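*Asks:* Can you make the complete structure from the sequences, with help from the hints?
First to last, the protein sequences are chains U and E. Each residue of the first sequence is one higher than the one before, starting from 0 at the first, in numbering that gives the first Met the number 0. Each residue of the second sequence is one higher than the one before, starting from 0 at the first, in numbering that gives the first Met the number 0.
I should point out that these hints are in silico values taken from the structure, not numbers from a laboratory. Any given hint could turn out to be false.
[To be verified] Below, in silico cross-link-like pairs of lysine-lysine (DSSO-like), each with a Cα-Cα straight-line distance of 27 angstroms or less: (1) U:K464 / U:K275; (2) E:K23 / U:K464; (3) U:K200 / E:K23.
[To be verified] Output of the computed footprint for chain U on chain E, the stretches with three or more beta carbons under 8 angstroms from beta carbons of chain U: (4) 21-33; (5) 47-59.
Predicted, not measured: the structure shown is a model, and the values here were computed from it. For every residue, glycine included, the Cβ atom is placed at its ideal position computed from N, Cα and C.
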Amino acid sequence: MKNISFLTLLFISIYGYSQTSTATSKEYQKRVLENTEVDLISSLYGQKGDNAAVTGGIGNEKLTDIASNIIVSIPVNNNNVFSINATISAYTSASSSNLNPFDYAGSSIKSTNSDKNESTTKNKGGWNAKSGASQISNNVANRGATPWLESTGASRSDVWVNGTFDYSHASKNRNTIVGGNISASHEFDYQSFGFGGSLAKLFNQKNTEIDLKGNVYLDTWNPRYPTEIHSYIVANEDLNSGFFSGVTIYDQNRLIMDKNSANAWKPINTTLVTNKKRNSYSASFSLSQIISKKAQLSLFVDVVQQKGWLSNPMQRVYFGDRANFYIGNASSIDNYTSKSNTDVFQLADDIERLPHTRLKIPFGARFNYFINEKLTLRTYYRYYSDDWGINSHTASIELPFKISDKFTLYPSYRFYTQTAAKYFAPYEQHLSTEQFYTSDYDLSKYNANQIGFGISYTDIFTKRKIWKLGLKNVDLKYSNYKRNTGLSAGIVSLGFKFVMD
Amino acid sequence: MKQLFYLCITVMLFATLNSCVAVKEYDKIDLNDPDMSLSARNINHFETSFQVYREGASGANGGKSGGGCGCN
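*Replies:* Have a look at this one:
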């Protein structure tokens with residue numbers, strides 16, 4: 000009797016459990032991503048300014064960039080998503096072109112392989128032969144070298160390409176999401192390889208989300224240098240040979256410099272990039288919280304450590320306590336810092352040199368509030384601090400306004416302010432006794448205002464189709480950016496979102 | 000010191016926000032509006048890029064925080 004009772008109980012338990020399992024297996028589970036989605040974004044960016052870092056903090060900063068990005072997100076199964084993200088960006092830059100300011104239309108400049116004797120300079124920091132030690136002719140045509148006009152050198156334009164692969168997995172209850180990514184990018188003087196992972200946990204009936212991310216970028220410079228500095232090294236510091244052969248160099252008083260004098264021009268340091276590595280390690284933590292039926296908030300904090308060659312080897316520095324020397328039209332020397340200077344160029348004292356480590360800690364917050372069916376408030380704030388002395392505040396506000404069920408207008412305003420890095424000083428303000436120095440105005444003290452306006456079209460039913468791709472969203476936005484140092488920029492972006500049937 | 004102060008504020012906010020009333024899924028209609036998303040708009044992708052290049056600060060916005068380019 001006891002055995003029968005026991006077996007009966009056992010049978011009921013097993014039957015009950017199997018019923019539960021069966022009920023679970025029939026439960027509907029929404030996919031993390033229902034269909035393949037394709038996002039396309041293109042932008043045109045233009046800037047102008049008078050503080051080019053390549054020419055030591057003065058000079059033409061005109062730059063134009065055209066970029067495109069595509070992201071394809073593919074649902075692998077109910078729980079997993081695979082994404083491919085590719086970007087191509089092509090720019091032309093007056094500042095970068097003046098890496099070799101002596102290469103311009105009308106001059107007889109030749110860039111020859113005969114000067115690219117890498118073996119004589121291997122111990123000097125591994126300069127790159129392709130940047131071109133140049134022969135200069137005295138036949139200057141309509142203009143000369145100047146920081147105020149762009150040259151036509153190879154460094155005038157470049158293309159940056161990037162590819163990222165991302166894979167994410169969500170748990171069945173969608174409360175845990177793990178992901179991993181790898182990326183690679185390349186431009187003429189820089190390449191990058193990166194990888195990372197992320198973990199997201201949702202709590203409190205999905206009212207609370209915590210995200211953890213870690214990323215590593217193992218980057219390498221392919222350094223390019225100001226032409227006079229690496230030509231000096233190529234010529235074994237002989238101002239009578241190579242690039243400088245037959246070239247007249249003037250001092251500040253417009254007198255011809257004696258190239259054999261002990262006081263002749265020379266860079267303060269002929270050791271260039273010794274370690275081409277530039278690695279970044281970042282950890283990010285964020286919390287998202289629903290405050291009410293109409294409000295939600297996110298908090299972010301990152302810790303970023305960078306190590307390696309953190310300076311830009313293209314960027315010149317001029318010291319106030321060293322004599323100035325020039326190539327070009329001597330009568331323009333007194334006018335050097337004016338835009339009316341079209342034919343004289345000052346030889347650099349050194350390249351930018353910055354510490355080999357940098358620790359960055361930004362804190363950010365987003366707060367969004369659904370005012371009514373027509374209007375939403377989106378806000379963002381960030382405080383940033385690093386051990387180079389830069390502290391900054393960023394604040395932005397956006398007011399999306401639905402003018403119909405398909406169209407939304409979104410004006411925005413962003414304010415940014417930062418203190419200067421400890422190592423920044425304007426043109427001719429550094430001293431040769433300093434260990435670290437830069438005249439890059441991106442590291443100076445400034446405020447910036449940015450005003451934007453966008454329009455968005457959304458069709459959740461994707462009635463318009465191209466092949467199998469249904470058009471879900473079109474975005475068009477223009478932003479204007481102005482710094483109180485004189486830099487101004489504009490960017491127009493166009494984006495499309497497609498959903499594949 | 001300032002960094003420690005802000006870190007403490009962040010931790011306190013983490014502790015207090017978790018006690019907010021949970022909004023049910025069926026009450027999240029307004030929260031699920033695309034304009035309420037707690038991330039930057041996709042269209043701002045290249046805008047964020049030029050800001051990273053031109054400004055000393057980066058990060059703390061849910062996106063990339065460093066590396067991948069020779070920018071600051």
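*Asks:* Check the structure against each numbered hint from earlier and tell me which ones fail, lowest number first.
*Replies:* 1, 2
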